[in-house]
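Okay, here's what each chain looks like letter by letter:
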Amino acid sequence: GQNIDQPTEMTATEGAIVQINCTYQTSGFNGLFWYQQHAGEAPTFLSYNVLDGLEEKGRFSSFLSRSKGYSYLLLKELQMKDSASYLCAVRSRDKGGTPLVFGKGTRLSVIA
Amino acid sequence: GAGVSQSPSNKVTEKGKDVELRCDPISGHTALYWYRQSLGQGLEFLIYFQGNSAPDKSGLPSDRFSAERTGGSVSTLTIQRTQQEDSAVYLCASSPSSFQETQYFGPGTRLLVL
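These protein sequence lines are chains A and B, in that order.
Numbering of the first sequence is given in my numbering, commencing with residue 1 and proceeding in unit increments.
Numbering of the second sequence is given in my numbering, commencing with residue 1 and proceeding in unit increments.
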C-alpha cells in the first residue's frame, strides 16, 4: 500500500522560517515532489527530490531521506503570499513510476 | 507559453445526469493525467495517458467514469449517471513525457452534483 502523511495545518509569522514535514510509505519510490496550492487554484510545482539530501531554490528548500521515508519543505523569510496549502507527492513504481500519490496537504497560514 | 487549460471552470448538474470535462494539455506534452480533489482529501489519481499506449485506468473509482484522449492531445473525462459523491475538483496535468518529469496542472473543473 501507499501512505503519505503531513500535518493538516500550520501557522507561522511573517519573516520567520517554517518546516513542513512529510513521511511516506510506498512499495516503490521514484521521486518526491512538493507543490503549492493557493485556495481555488491549481497546484504549482515547487521542488523535486529523488536522491538524499537538500535541494535549495531561493527561499524554498526541500530535503529527502529515502531510508527514513521522510521529506521536509523549508520556507524562509515567510511572506503573507506564502499562505497556501503545500502538497507532498510521491512517485511510486506501483503505477509504472508515473502518476503521483499525494498527501492531504498542509494548510499554512502566515500571520503578521 | 500557454499552460494546461480545462473547461468548464465550474459545472453544476443534477444527480443522474452525464457530464463531460475537457483538458487541453501543454503543447508537445505526451503524458496526461486526471486527478480528483475532494474536500479535505488529497489529490486522487484517476487515469493516465502516455502517447499512443493504452491508458492506465487503475484509479477510476467506478465504471461510470471513462476518459479518452484524441490525437494525443485533448482529453475528455466523462462521468455517467453522476452521484453526489462525485462532487469534487477535477484536475488535469501534463508532462513532457512520463518518466521523472514534473507534472503541470490546469486550474481544474469544480463539479457540483445536486
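Treat the hints with care, since some could be wrong.
Here are the simulated BS3-like cross-link-like pairs (lysine-lysine), alpha carbons at most 25 Å apart as the crow flies [as the list claims (entries may be wrong)]:
| # | chain 1 | residue 1 | chain 2 | residue 2 |
| --- | --- | --- | --- | --- |
| 1 | B | Lys11 | B | Lys57 |
| 2 | A | Lys57 | A | Lys68 |
| 3 | B | Lys17 | A | Lys104 |
| 4 | B | Lys57 | A | Lys104 |
Some residues of chain A that are not near chain B, with every Cβ distance over 12 Å (derived) [unchecked claim]:
| # | residue |
| --- | --- |
| 5 | Asp52 |
| 6 | Leu54 |
| 7 | Glu56 |
| 8 | Phe63 |
Sample of chain B residues at the chain A side, in silico, Cβ under 8 Å [said to hold, decoys possible]:
| # | residue |
| --- | --- |
| 9 | Ser38 |
| 10 | Leu39 |
| 11 | Gly42 |
| 12 | Phe65 |
| 13 | Ser87 |
| 14 | Thr102 |
| 15 | Phe105 |
Simulated from the structure, these hints should not be mistaken for laboratory data.
For every residue, glycine included, the Cβ atom is placed at its ideal position computed from N, Cα and C.
Taking the hints in turn, this is what the structure says about them:
1. Lys11(B) / Lys57(B): Status holds; Cα separation ~23 Å.
2. Lys57(A) / Lys68(A): holds (23 Å)
3. Lys17(B) / Lys104(A): Roughly 29 Å between the alpha carbons, so the hint for Lys17(B) and Lys104(A) is violated.
4. Lys57(B) / Lys104(A): holds (22 Å)
5. Asp52: holds (16 Å)
6. Leu54: Given a closest Cβ separation of 19 Å, the condition holds.
7. Glu56: Given a closest Cβ separation of 17 Å, the condition holds.
8. Phe63: Its Cβ never comes within 12 Å of chain B, the nearest being 18 Å, so this holds.
9. Ser38: violated (10 Å)
10. Leu39: For Leu39(B), the interface hint is violated, since the closest Cβ of chain A sits about 11 Å away, which is over 8 Å.
11. Gly42: Cβ of Gly42(B) sits 4 Å from chain A, so the hint holds.
12. Phe65: violated (15 Å)
13. Ser87: violated (15 Å)
14. Thr102: Cβ of Thr102(B) sits 5 Å from chain A, so the hint holds.
15. Phe105: Status holds, d = 4 Å.
Hint compliance for this structure: hints 3, 9, 10, 12 and 13 are not met, and every other hint is.
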